[in-house]
Amino acid sequence: MARLIAQRLFNSAVSIALVSIVLFLIFEISPETVAADALGQYSTREQRDLWLAANGYFEPLHVRFLDWARRCLTGEFGNSRLYNAPVSTVLGPRLAASGILAACFFAILIPLSLSLGVFAGMKEGSKLDRGISLLSILTTSVPPFASAVLLAAIFVFGLGLLPGTSSMIDGFRWKELVMPVAVLLLYDFGYLTRITRASMADVMQTAYIRTAALKGLPDWWIILRHALRNALIPPFTVIMLQINWLIGGVVVVEFFFAYKGFGSLILEASLTHDLFLLQACTAVSVLIAVGTQTIADIGYGLLNPRIRVAR
Amino acid sequence: MTQPLLELDRLSISYRTRRGAVPAVVDVSLSLNPGESLGLVGESGCGKSTIAFGIMRWLAGRGQIVGGRVLFEGRDMATMSPAELRHVRGKRIAMVFQEAMSALNPCLTIGAQLTEVLRFHEDVVGPEAERRAKTMLSEVRIPDPDRVYRAFPHEISGGQQQRVVIAMALLANPALLLLDEPTTGLDVTVEASVVKLIAEVSRRFGTSLLYISHNLALISRVCERIAVMYAGEIVEEGPTRRILTAPIHPYTRGLIACLPESGADKVARPLAPIPGQIPAPWERPAGCFFMPRCAYAVPGRCDVAHPPLIDDGTGAQVRCVRADEIGPERVAGVAGQPPAAAEGISVAVDNLSKDYKITPPGLRGLLPFAEPLRIRANDHLTFNAEAGRTLAIVGESGCGKSTFARILTGLERATGGKVEVAGADLGQLSVIDRSRDQLRALQMVFQNPDETLNPSYKVGRQIARVAKRLLSLGRKERAQRVQDLFAEIRLPPGIADRKPRHLSGGQKQRIAIARAFVGRPDIVVADEPVSALDVSVRAAVTQLLMEIQRAHGTTLILISHDLALVRYVADTVVVMYLGQVMEAGSTNQVFSGPHHPYTELLLKAQPKLDNDQGLDAPVEGETPSPLDPPKGCPFHTRCPRKVGTICEAARPPEQVTPAGHRMACHIPMADLARVQEKELT
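Chains as they are written, first to last, in my numbering: chain A, 1 to 311; chain B, 1001 to 1681.
I should point out that these hints are in silico values taken from the structure, not numbers from a laboratory. For clarity, every value in this text was computed on a predicted model and none was experimentally measured. Ideal placement from N, C-alpha and C gives every residue a C-beta, glycine not left out. Warning: the hint list may mix true and false statements.
To be verified - Listed next, with one range per pair, are the computed distances between beta-carbon atoms:
hint	chain 1	residue 1	chain 2	residue 2	range
1	B	L1471	A	L61	46 to 52 Å
2	A	G131	B	D1009	39 to 45 Å
3	B	D1628	A	P143	55 to 61 Å
4	B	R1131	A	P234	33 to 39 Å
5	B	R1016	A	W220	27 to 33 Å
6	A	P234	B	D1433	38 to 44 Å
7	A	K127	B	G1074	58 to 64 Å
To be verified - From the derived model, a few chain B residues whose C-beta atoms are all more than 10 Å from chain A:
hint	residue
8	E1099
9	R1147
10	H1154
11	P1279
12	D1311
Extracted from the complex, chain B is given alone in its bound form (with noise of 0.2 Å):
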């Protein structure tokens, strides 16, 4: 019998506040052998962070080991003395994090943040430890490693950070690897290389993984095993494919429930959100913790005592008192509603260019007539929004998705071409010059609430404002608004007493809809609304944005990278790359296909749980600059369908189906619709 690498032997991990000893992680045991590779997940706050701080003895500030022991190569690593750990750390065990631009220092090279690995930990430097490095920057895939080994943080995109971020960890050869939710914020495309290459090197290097995240489909790409974890404790851990295909746990079930299967629509599979949120350390029930929102709960059983976990005879484990009882069926989601008919056009884009100018860089910017550089952040977009519908922008971020919102509020001005909204044209006329009708008539829903919410103010009192400002409403008049809308977004009316900080991420998004929704707004657009936001709590907000839109017979633009997502709330989907609009049409014609090569891209890089091509997925590049743009179609840099020099050279014509669906391609669609079709059978 293999002595396990890493094992966790009732760990538990509290954080002393002002309420005294609050417990992030109650009593996990978890063991990983060799060579394998194990992921963990739940939604924020259920401890996973705190878990991969406490194997490196890192817990910063206020937090503690209360019990229980971490396990290393069968050494207690309380015992180490600090020389010890410091040889643990980086050499033994290495970690990747979050937001790699933070993880690394933006006053140091890349070379330089690499090579100090090798020279503490293996006595290497100079030219061998640059040659060294070098190589490791290959091996991450970077294509250019002389040049980003030379380069600062900031001056690499954050596909490259993430992998420089990798590369260190992986320098020294360590024998564990903890991934802390490793491609949060990166664009799908991104996140799926990063992921494909983590699972490679794994493989290759022998490295043992311990993955961090809230989403399942990402960590099954990955992980032999997965364990659940739920309020500091697991919930359910066993193989990847048993917790998949047959969870047990209603919040394993719940977590799976939440994400959007590929190839099912609103209308055939809705979302069943969790409800409620994850009870803070303070707040566990007796029982079990996760009874308050569980489907399944039975009073008298479930709230009695706190249940333990039990073995279920297939290698896992599962810490529910009628796991034996729940059948297989799943929790029934909110019905889905057909799209909304069309009732005339509400935004019309025409032709619609934006064109940045940049002072081109070195001495030469300098001189009096330079000539500028442009950015073309916006290339005859043509497009309509049809009233009380959904239109979904999707794309890489540069593709200048969020230019064309920044236009469309008044933020920006257009460069060409027209945006009309109610018989004028907006793309010229910026915020400060509208009316106060037209500002009434176009809100928006930020992505992230915290920056959309003045920190120092009552809730309900930054909504009332809008009230005043939009609808100049009296003072009751404008208190009963306040009310109405905490009754439509679902939230008990003692929270606009609140400031922003007491308030839960989901509560904090749901005010910012509220906001937006106050002066009653004939178009709202919503800049990725949900992607700031918990799996769990993304499906419930998600929810709330369509009916709310519904009731009030609302056009939304949303703006979003999240194919899933999209599919499941937009009526129409308008799919843009470096500044141009590459297909469009409704959901169903963009989704079912034939697809443009770049859309096929994208659907075929997003996590799926139910991923059989798994990680061969052709998702390799990144975008170009869009300061220096590829010739004749943009996308052919990267287009796995290029037909040949025409791509280089020509821009590609647009081809219109009768039935209104758009794509920019030099393959004619019908060709496209034959191979797409041939690969999937």
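Looking at chain A on its own, in the form it has when it is part of the complex (with noise of 0.2 Å):
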């Protein structure tokens, strides 16, 4: 297992380090797209010159990657053109902001889609299965801009029940999550149903299964200690790909509800040109991405004892 997790590391920072240096590059393309953005578009030939010696634009490729890398380590992105600050100061809250919504919704998620999935999975073809299977792909088959129009009109407008956006300018309240958290859950749950459902099923087929009840246990213990395991190492792969999925692409929710998350920083980064805006986000997503798959391969570790023997 330690070697596992030993390798697991190793090949995220690889990854990491191979990823910054494309990133790196693609910035490097034309400088002088960099220092226009800078300096604004009246700016001369002499200004904008000037500006990438001030920067350092001229030195060797190998040193300025260097300093680049120093400074997105101490967390020094450059300055926001649009918020004309810092780009840390202006991504800390749009994070943790987004962090909040991604917490909210895989608290709830997570329960509700697995329990469901493993009720319909273990007897496929009952009633509670079908049900559960209608249900998922209804709700998963409506997009969320949709739900979004659909359940604002009727909460919203309609019983006046809940704020129509979520931009939490009084500060913080749980009442401005509520609508984003749904529409995501509602769009999202069946999904993480139908494939817990389906490994599920699988694993009540097996042969292991059939071993545990011709042994005399009893059902409870049958599902919660031979099948449960099992069946959760497809859905962890899901849910650990889901976390990517929301801190950078819930952007339609965001949008619809003014919520200010990390999503629509990122639209906002690309449609104004912050560069360093920009890049700063696109680390931070690859930050995300190789995090969680890290997890997710520590966590087939301790889910499936036969992977703990890594080549």
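Assembly of the complex is requested from the two constituent chains, each provided in isolation within its own frame, with the hints serving as guidance.
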């Protein structure tokens, strides 16, 4: 197990190093654009050259890369033009906001989907299974922008129970979090439920479940002790991939409810060519992706003892 | 009069399918007294496993008991509540399945899977449960119970897994043990020791056995009575000795005639396959179900009414209207042929070695300069395959026989030495570097036809494709070639338009053989070609392989652990152990002795019908890990004839007789011949 963890950590370090080189080079392709973006489109050629020299753009590539990497590690990503503030001060609150959204979402999604999936998969073809499967397909097939409109129509404009925006202008309020989380849940829980159900149904068909039943063990013991752990391996992967998607990919929901999260920040940065902000956002996304993947790999080892003996 | 422990009273089980209810078990009545052991034999599809699951009331999905009763200790199991049923399962009736690896939960330790039986059946938990589980592990002869208790299923060998499953079944001291092909997939030596263990523990604990297998020879080692099943019903039932020595039903006779006898060879006593195959439930004839395949059938008598099971007065029952008429003579087999004359050397293996490098386990393996561990899968192999004849390579799993096949076919490259075929060293030539003619010249038949044939294409097309690739035949010629091959493998040409899933196991293996012979290869490597097939089909496919080889003058390299098959098919034999050649010679030399002690062990482990030495064969021990092979003679750790420290210290010299019989052993061949002779008499 120690070896697996060491191996995975080493692999992640390598991937981060490689991706950071690529990221650095992308923004190196045309320093002129960088200068133009920084100084504004009416700056002169000399001004841009001066700016480039001042910011070390004429140094050798490897020196500049190391310098850039050092600044990234210490959190100095430069200044955001859009917000006219250091990137790190812009990024921090946005990440925290997305983190809260994600945490609330997963806190409901994981217990809900896993238990629904397990119940459905326990007895394939039962009424419960059919019901849960139908519900999952129905909800997953409604895209988030549609369900956002629908839910807003009911709960915000119809019943007036919830606020229609989640911009948290008057400080953090739980009530404003309800709508975005609900829309995400409605869209996503069916997917995880289906994966869990399929995996559980497969496990229930295996010879070792049959062995356990013919050993005279009670059903609850067979489910909890023999089936669950094996059945959770595929949903675990999906959950880990969902974290990436949730941090950067929920632009629609964040935008709809004016939620100041990381997804909408990336969108703003790319629309306004805020290069340093964009670079920092990309770096953070990569870190999250590599991080969840590493956790997924190590988690596999914990769930499945056969993987612990890594080659 | 004692009450029977288990009684099946006209039990019928059907499966619901799209064709309607398919009867899998028809009117089966059996009874088993406490402490008694009963064997259930028959080809696959005859309903024997369904009976076991019917007894356990675990007919997953579509199975249903449609008639009759299962009485356990006098109680009808259909009337039991789920809680009572749970109490019977595991506690009173335990089951041992085929393929122990899949019967054990991969995510739980062996200890956890053992102690949970005690937790729910005896209310025993904690250290007491652990102690009892470990005691049971040593009862089933697991050498290191403490380690195995903590291990996960994948960390122990296949033989040990099966022992663990048996230990699990015995923990709650059940009255009845159901065994469903418990040794399928195990090496002969391991199989022999597991069967021996089953017989021992059932005697010691007074457990009744219901032993299900397709192998009569195995069953005869354990069971007092045998019931032979065919197409869902019992066709003959009686004491083991009587069934084996004086079988009456033609099907029982057929099953016995399929088994190679020890000491017989292909010329003296040919195998007699049962023609045809078991009819599907919806194709069963009106009269006797076996009639279409029966050599003794008489039209007008056998096809009129379904024969009843009749007591024959000697404590046995037979379902055959002609039981009193058919005499004791056996069905004549297809005559064997004397070995083909050698026409020079086709494959010359010279000092061939293959090392696999693996990184050492643990954190150490991550260091960039960590010394890789070496596994020597083939260690200086030297032998020849003569053109147009059959060379067999035998040995337990892990002996390197499949590695050799992989090198020969170009899937692996040799680390040292040569394999010369037609002037080229194929040992260094991987399959993508071989010319088309080299590919054509060397083909393979694999163990499992399901993995050879693509399930989504019609079989005729798959064969035609090979003809196109290897022979560049045009469309018309290809069709002709496919037709010729179908005639040769004796399948109706209509089968060419079917997909593999519509064919029986035997038919699929015939197709796989046809596929190998499409390009008229010079050499065919057959890796366990019949071991996945039923006994009755095995004989027929073996004969087909021999005939087609003879007709084409092909060199056949047969890889097998089945010595009876090897003796029947091969002209020369190479015996391998841990990557080394232990013994080599003509089939006659290897089988009539003097034997290398390892060959002797393999021969003793073979299940035989006429096995008088019974279960006393010294077959304990398992192949050591190839990562840490024994010094000196690789076999010394298990050798019953070890002479002393020289076996541990020095690699044995190779002794060669003038007739070409080779053996790597410290004991002079003459001495081996003397002691082995003495034990026989």
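Evaluated hints:
1. B:L1471 to A:L61: 46 to 52 Å: Given a distance of about 58 Å, which is not inside 46 to 52 Å, the answer is violated.
2. A:G131 to B:D1009: 39 to 45 Å: Taking Cβ atoms as reference, G131 of chain A and D1009 of chain B lie about 41 Å apart, which means the hint holds.
3. B:D1628 to A:P143: 55 to 61 Å: With Cβ atoms ~60 Å apart, the hint holds.
4. B:R1131 to A:P234: 33 to 39 Å: Holds, since R1131 of chain B and P234 of chain A (Cβ atoms, about 38 Å apart) stay within the stated range.
5. B:R1016 to A:W220: 27 to 33 Å: Check passed, 29 Å falls within 27 to 33 Å.
6. A:P234 to B:D1433: 38 to 44 Å: Holds, at about 40 Å.
7. A:K127 to B:G1074: 58 to 64 Å: 38 Å, violated
8. E1099: Per Cβ check, E1099 of chain B is inside 10 Å of chain A; nearest 7 Å; violated.
9. R1147: 15 Å, holds
10. H1154: Not fine: 5 Å to the nearest Cβ puts H1154 of chain B too close to chain A.
11. P1279: About 28 Å separates P1279 of chain B from the closest Cβ of chain A, which puts it past 10 Å; holds.
12. D1311: Since the minimum Cβ distance to chain A is about 34 Å, D1311 of chain B lies beyond 10 Å and the statement holds.
Hint compliance for this structure: hints 1, 7, 8 and 10 are broken, all remaining hints hold.
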